[in-house]
Amino acid sequence: DAGITQSPRHKVTETGTPVTLRCHQTENHRYMYWYRQDPGHGLRLIHYSYGVKDTDKGEVSDGYSVSRSKTEDFLLTLESATSSQTSVYFCAISESQGNSYNSPLHFGNGTRLTVT
Amino acid sequence: AQSVTQLGSHVSVSEGALVLLRCNYSSSVPPYLFWYVQYPNQGLQLLLKYTSAATLVKGINGFEAEFKKSETSFHLTKPSAHMSDAAEYFCAVRNTGFQKLVFGTGTRLLVSP
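Line order of the protein sequences matches chains A and B. Using our numbering, you'd call the opening residue of the first sequence number 1 and step up by one each time. Using our numbering, you'd call the opening residue of the second sequence number 117 and step up by one each time.
If you are wondering where the hints come from, they were derived from the structure by calculation, not from laboratory data. The beta-carbon is built from N, C-alpha and C at its ideal position, and this holds for glycine as well. Just to be clear, a hint being listed does not mean it is correct.
As the list claims (entries may be wrong) - Restraint-style ranges between C-beta atoms, simulated for each label pair: (1) B/T121 with A/K53: 45 to 55 angstroms; (2) A/S84 with B/G132: 40 to 50 angstroms; (3) A/D62 with B/Q158: 21 to 31 angstroms; (4) B/E182 with A/G16: 48 to 58 angstroms; (5) B/S119 with A/G63: 32 to 42 angstroms.
As the list claims (entries may be wrong) - The calculated DSS-like cross-link candidates involving lysine-lysine, where the alpha carbons are at most 25 angstroms apart (straight line), are: (6) B/K184 with B/K174; (7) B/K184 with B/K165; (8) B/K165 with A/K53; (9) A/K53 with A/K70; (10) A/K57 with B/K184; (11) B/K174 with B/K216; (12) A/K57 with A/K70; (13) A/K11 with A/K57; (14) B/K216 with A/K70.
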């Protein structure tokens with residue numbers, strides 16, 4: 001496995017509370033991504049980062065924010081959790097050597113978040 | 117905009133039978149295409165990728181995929197299914213100039229003895 005650690009692996013929280021998920025990589029890859037996986041929707045991109053302090057929105061970014069203060073860490077924050085954010089969240093990384101467009105993403109094992 | 121469509125949310129085969137999982141892409145420029153596999157309670161693993169070097173791409177675990185520009189397809193095949201192939205499979209596309217990888221909705225492969 002690529003050196004990607006997601007924490008926590010499981011989280012149950014209440015509606016309205018803030019939640020932060022962490023992704024840590026040991027590969028020194030430039031690009032990092034947060035996806036959510038829901039039945040019938042596949043994986044949808046929430047936010048991604050192309051360097052320290054450089055981030056951009058994906059297709060389902062509303063209600064989420066991210067931060068990347070170090071190359072190895074990419075944090076996803078749910079500012080005020082809602083039941084619609086119950087999902088499995090995956091972090092992914094991608095290298096930047098050469099033609100980065102054909103570089104595959106490597107995924108962590110996911111965080112299962114339940115908002116009650 | 118780039119996108120992929122996976123036909124069939126579930127595919128059932130018998131052990132030893134041919135596996136065919138369909139993926140069609142939409143892209144205004146030559147795409148980079150990927151197939152991933154996800155086993156229960158795990159992240160996604162790369163099966164294979166198409167990067168224009170060859171239209172027939174061989175991946176891990178005996179899988180292969182053929183890029184057909186005329187059909188805008190990148191179907192995944194395996195000659196003989198094994199019980200261990202039961203998993204969910206995702207097709208994904210990325211265009212030059214975009215770092216985002218766009219996924220299809222996935223196809224769950226069921227293998228019966």
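Would you list, in rising numerical order, the hints stated earlier that this structure does not obey? The structure conflicts with hints 1, 5, 8, 10, although it agrees with all the remaining ones.
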